[in-house]
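Visitor: Sequence:
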Amino acid sequence: MRGYRRPGKRHEGGPLNDDELTARLEAALDAAQRRRGVESTEDSRRAVAALREVRAAIAADHPLRVVVAAGLGPQLALDALAESGESEQVLAEAAEELELALHHDSEDVVLRHHRAVVAALRYLMWSGPDEDFETAHAEFTALLELPDYVALAGDLARLMLIQLRTATLRPRDDRRYTGQMTEADALRFMSHARRLPPVVAASAFEDISRHLAQLSDRATADELGVLAALSTTMSPLLRGQRQDRAEALDEAIAQARDGLAGAADGLDRALHAVVLVGLRHEKARNTGDNADRMAAVAAAKDAEGMLRDDLPLAWLLRKMISRTTLEHDRSAVGPGEVAREIAVVREVLRQPDLPDPERARTFVSFVAVMAARVGRSGDRAGMAELREFIEQESSHVPDEGLRHLALGMLDVLDSVLTEDPDATTAGLASLEEAARALPPEHRAYPMIKPFIAMALGLRAVGGRSLADLETAHGLIESAQDGFQEHSGAPVRLGRLGLLLSSLRYGDPSAAKIDEALAQARGLTEEDLHGTDLDMGEVINTLEYAKEMSQSFGKPITPPAQLGPRTGYWDTRHDEVTEASALVHNGFAGKDVDMLDRGIALLRAQATTNPRDHIRQLMLVGIAHMFRYLVTTRLADLDETVGQIEAAVRLVDQTDASDAAGVHYQLGSALHLRGNRRFDRADRARAAEHGVLALKARSSEVLLQSNADHALATAQGATGEAVTVVQWCLTAERNDLAVQALELGRALVLHSVSTESSIPDMLRAAGHPVLAERWAVEAAAEDQRLVPSDLRFQVLAALAGTKVESRLLRPPALEEIRAALARTGSQALIYLLPAVSWQPGFALVVPVDGDVRHLPLPNLRSGAVQAFEEARRTLIDPSAADDERWRDAVSSMCDWSWRAVLGPLLEQLRGLPRIVLVPVGELNAVAWHAARRQVGGENRYACQDAVITYAASARQFVDAARRARRPVEAAVALVRVGDRSLYWAPTETAAVRDHSYPDATCVEDDVRPEEVLGHLPSDLRPGASVLHLTCHACHATPAVDSHLVLDGGEVLPVRDVLRQARNRPVDAEGGLVVLASCASDLTDSTQDEALTLATAFLAAGATGVVGARWPIVDLTTTLFVVMFHHYLTRGYEDPALALRATQLWMLNPKRRVPPGVPRALARRARFSHLDDAGNWAAFTYQGR
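19 is the number of the first residue of the sequence shown in our numbering; add one for each residue after it.
No lab work stands behind these hints: they were computed from the structure. Computed from a predicted model, the values in this text were never measured in an experiment. For glycine and all other residues, C-beta sits at the position ideal for the given N, C-alpha and C. Fair warning: there could be bad hints in the mix.
Each pair of labels, with its calculated beta carbon distance range [what the hints assert, rightly or not]:
hint: 1; residue 1: D374; residue 2: S145; range: 46 to 54 Å
hint: 2; residue 1: E1150; residue 2: Q925; range: 23 to 31 Å
hint: 3; residue 1: P165; residue 2: D61; range: 24 to 32 Å
hint: 4; residue 1: T1018; residue 2: A462; range: 21 to 29 Å
hint: 5; residue 1: D912; residue 2: A536; range: 26 to 34 Å
hint: 6; residue 1: V952; residue 2: F1184; range: 20 to 28 Å
hint: 7; residue 1: L170; residue 2: E60; range: 39 to 47 Å
hint: 8; residue 1: L652; residue 2: S145; range: 53 to 61 Å
hint: 9; residue 1: G352; residue 2: L170; range: 53 to 61 Å
hint: 10; residue 1: A987; residue 2: K1167; range: 53 to 61 Å
hint: 11; residue 1: D912; residue 2: D1022; range: 38 to 46 Å
hint: 12; residue 1: D611; residue 2: A536; range: 35 to 43 Å
hint: 13; residue 1: E1028; residue 2: E1150; range: 22 to 30 Å
hint: 14; residue 1: R957; residue 2: G784; range: 55 to 63 Å
List of simulated lysine to aspartate or glutamate pairs, EDC-like, C-alpha gap at most 20 Å [as the list claims (entries may be wrong)]:
hint: 15; residue 1: K301; residue 2: D283
hint: 16; residue 1: K301; residue 2: E269
hint: 17; residue 1: K608; residue 2: D670
hint: 18; residue 1: K1167; residue 2: D905
hint: 19; residue 1: K608; residue 2: E657
hint: 20; residue 1: K319; residue 2: E265
hint: 21; residue 1: K319; residue 2: E355
hint: 22; residue 1: K301; residue 2: E355
hint: 23; residue 1: K1167; residue 2: E1150
hint: 24; residue 1: K301; residue 2: D276
hint: 25; residue 1: K301; residue 2: D268
hint: 26; residue 1: K301; residue 2: E365
hint: 27; residue 1: K319; residue 2: D374
hint: 28; residue 1: K1167; residue 2: D1188
hint: 29; residue 1: K301; residue 2: D320
hint: 30; residue 1: K608; residue 2: E596
hint: 31; residue 1: K319; residue 2: E365
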């Protein structure tokens, strides 16, 4: 062996010498020769192992390496074929060996055959690249030219070519051949084939037909017969364009008829009949001729008669007949096409010999498919024609439920097109009727919930109802149970649709877009079958939206265009997307020409309904705003204002749900223009439109059916309110600034507080029927499949009336002043922290005089954040840090005097009583503990003023209107049996014995209903004093915060608020004391001020004593005993009793009055009650 150095004799454990290598190689090749067929044998396994051993023992350039490759490659290829290509590693190894062997002998037929097998298996089983297809196809095709090869392996090569060609008609990720064709396989096969260019698909079917015809009898199987029947008729149809397809159809029908006439009874005859059904149906669709349609129906009846149950694949062929007969073109309808299609199907339905079940199936299928096509085209006239057809021909469907389902589906699709709330309402009503009429096991029942969910998604966007959106999500998830796993496409498509509705409901976050992307990517080709939805387009658009949300001012890449669009909606969607990208990138690159192209494209869009027109006007207006930011030309700003003003007029005319956003954007543009021009009128109008925007947000909160949804909706108004306040101050409209502040906070409390008065408001406005519905519908709400839209109807009925103004408007300045006078207060004062564009300030509403703006330059959030972080350590025992807490409280006391209370009290006379309404994070500060040094001693704000708090002026005004019950009229003392409240029994006994000897005591087994029983309702006035000794638990959202009672039970904020629904507005109320827990505290949504304390106030109390942070048990007990002492001995005003108690705690010479237990009297002298971390926690709000 030239060029190879003989290694010498092999020692034990050493390398093989040449003789041993040769011997082993010959033995391996002999074993390989004894292999017969594909199946692995002991000989073949031994051969592979030996060849691998020899390969490992020699160098890559060893002459024997080629011999090893020529033997090992075919063996591995056969192994891969035996395993159906399941091992990717075996395929890779086989390919490498075969390439090496063929490099030295490229004409070897065996090696070429096995290389083709390996390439085919990689392409079929592992989604291999197109190069694998080309290699296998070219090699097999060339080998089939060799007669000897054909005799030996012709059938295998043709079967491989059939599978390869069939795979090109499948989606790339669905190529694996399982050995049988299921219904799902057939659907995916036909669906994907339709999406390919016709010439490509035709070529594939021609190749398949040719190879099938050349197979020997021993290779033919049932599945291949189905494929043969399909292929022989598909290729001529696909070769022709639509205009000359009629000729191709006639040719194919003639071939199919001839084949049917000559076919033997059984499967062969049935196959030809099924193909003839499809061809007849295709011709009827192509021509629209009644005779062709009747011929298609007759062919379907004949084919079904030939399908005996004992025939192989009978189930599949029946499905194919059904799909072929009932499946229509999903493209947009053309002019006059709806009328032609209706005429055709009407003739079919009126055939006397058509069986009733087939008649009903034809009717329902036609309505569903035609409605989708009409909706896709944006053809409202066609929708009306279809509705008329349903009403005239519904007698063909004896099932009442199916008629309701057909009408409901049509109305929902109509509402998608028009965004008409009446169409949505009609669709939901019909679908509810269908749900009542159809039994759950009916085959059509699973379609009801997805369509209801679609309608609710539309209603959620139009009516701003989170309950609709939440219910829609629930229906989609529960609808999954009604579908088999392989046919749950409506559910999966519904989930995606609702996610897209969620994105339209509010500002799309990256997380929401990611969720929608995951849902879109999870849809399969089978899910999309018959929908003409291009998920590639949806995914690209979502990715574009995500980039838009994260790339303000930076260039972005517009979504790729994935092919020509058909139908109104596709074309419009692409153009709006392109225009948005041009505007965004023109702004990012300061390219005015690009901006102008985007604006021109937006202006050119046609609109189908008022809401669509509003969106177009807003897009054009905002685009001009971007242009102004680039050019600084006032003309662009004028155009922005003009476009959005037109949108406002349209909103006012149509009561569209876009009111809040449209008014806010107009206010923003006017404020910008007013500052640029120093125009007082523009600034004033900006303030007015800002307030209108906040009123619209307030109405959205009132639309929500529960506190959770109201809270989530209210959060959107908070940031806008702060901005609108700034517009008002710039316009020197302090009165409007007060309105803006009220419209941006405590909206949930207002919603709950007004519910009980709505029936009276409706009656006063002339709507007694709605008033009655409001009174009775809440009890049945949970029983309905579709959430009631009663709230939306109520607001629509009250629109423009004085009642609506009273419901939505914040309290007038006169009402605030009257409440101040009634409570003996000098002023209500809003405190606003600094933001990037302005320092902190106070807005002072005095009992008489004008609203004053008081700048507070030291009112910044940094000190509050440090205090808040320290406060949270009290709630989390593992993070407790007493020293840090004391330092934080001390710093807070000093800073709050410098920043706020010092400047404020300088403006007031005497011993003022003031009501503080802190905004945002300022709500956490105990402002009454603000201090300064006087004569070397600390002097606190509460020593110079009576300081109370309010969640909002509205809640303060409501509480001030209520008459206060006499303190001792009906006292209830509630104490839970919690061992951590060591002093609680002493506290309750001392309060009862010293202050309320006739009090009702509820102790040691306290349940939620007992606490609620002492709160006002429509049946009882509630306690005059309700004292609660228990812990509180804070949660996010705040409505889940609760009091912890006995037996593991809790009383949530939501239940306290729910009871308030039935409370008469002007009923007298009592005092609630929540001193033993952090009850006047929220860790989220500060501007909603939704705490346990404010919830009790909303539930009808006239005042609430609460705590801003947890206090040790003994300190709380001493505070409570003394508070009730003062309350019952000359300080009937709880605010004054609280101040007296806190002054007592600050007094180093404090003494407890006679009658208080001696154990408390002793500890009162030595406890650190004067520490601000103890006494300053307690607050009062109310009248």
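Visitor: If a hint holds in the structure, say so; if it doesn't, say that too.
Guide: Right, here's what the structure says about each hint:
{"no.": "1", "hint": "D374 to S145: 46 to 54 Å", "in the structure": "holds, 47 Å"}
{"no.": "2", "hint": "E1150 to Q925: 23 to 31 Å", "in the structure": "holds, 29 Å"}
{"no.": "3", "hint": "P165 to D61: 24 to 32 Å", "in the structure": "holds, 30 Å"}
{"no.": "4", "hint": "T1018 to A462: 21 to 29 Å", "in the structure": "violated, 59 Å"}
{"no.": "5", "hint": "D912 to A536: 26 to 34 Å", "in the structure": "violated, 52 Å"}
{"no.": "6", "hint": "V952 to F1184: 20 to 28 Å", "in the structure": "holds, 26 Å"}
{"no.": "7", "hint": "L170 to E60: 39 to 47 Å", "in the structure": "violated, 24 Å"}
{"no.": "8", "hint": "L652 to S145: 53 to 61 Å", "in the structure": "holds, 59 Å"}
{"no.": "9", "hint": "G352 to L170: 53 to 61 Å", "in the structure": "holds, 56 Å"}
{"no.": "10", "hint": "A987 to K1167: 53 to 61 Å", "in the structure": "violated, 35 Å"}
{"no.": "11", "hint": "D912 to D1022: 38 to 46 Å", "in the structure": "holds, 43 Å"}
{"no.": "12", "hint": "D611 to A536: 35 to 43 Å", "in the structure": "holds, 38 Å"}
{"no.": "13", "hint": "E1028 to E1150: 22 to 30 Å", "in the structure": "holds, 26 Å"}
{"no.": "14", "hint": "R957 to G784: 55 to 63 Å", "in the structure": "holds, 59 Å"}
{"no.": "15", "hint": "K301 to D283", "in the structure": "violated, 26 Å"}
{"no.": "16", "hint": "K301 to E269", "in the structure": "holds, 11 Å"}
{"no.": "17", "hint": "K608 to D670", "in the structure": "violated, 35 Å"}
{"no.": "18", "hint": "K1167 to D905", "in the structure": "violated, 25 Å"}
{"no.": "19", "hint": "K608 to E657", "in the structure": "holds, 19 Å"}
{"no.": "20", "hint": "K319 to E265", "in the structure": "violated, 25 Å"}
{"no.": "21", "hint": "K319 to E355", "in the structure": "violated, 26 Å"}
{"no.": "22", "hint": "K301 to E355", "in the structure": "holds, 16 Å"}
{"no.": "23", "hint": "K1167 to E1150", "in the structure": "violated, 24 Å"}
{"no.": "24", "hint": "K301 to D276", "in the structure": "holds, 17 Å"}
{"no.": "25", "hint": "K301 to D268", "in the structure": "holds, 8 Å"}
{"no.": "26", "hint": "K301 to E365", "in the structure": "holds, 16 Å"}
{"no.": "27", "hint": "K319 to D374", "in the structure": "holds, 13 Å"}
{"no.": "28", "hint": "K1167 to D1188", "in the structure": "holds, 11 Å"}
{"no.": "29", "hint": "K301 to D320", "in the structure": "holds, 17 Å"}
{"no.": "30", "hint": "K608 to E596", "in the structure": "holds, 17 Å"}
{"no.": "31", "hint": "K319 to E365", "in the structure": "holds, 16 Å"}
When each numbered hint is compared with the structure, violations occur for hints 4, 5, 7, 10, 15, 17, 18, 20, 21, 23.
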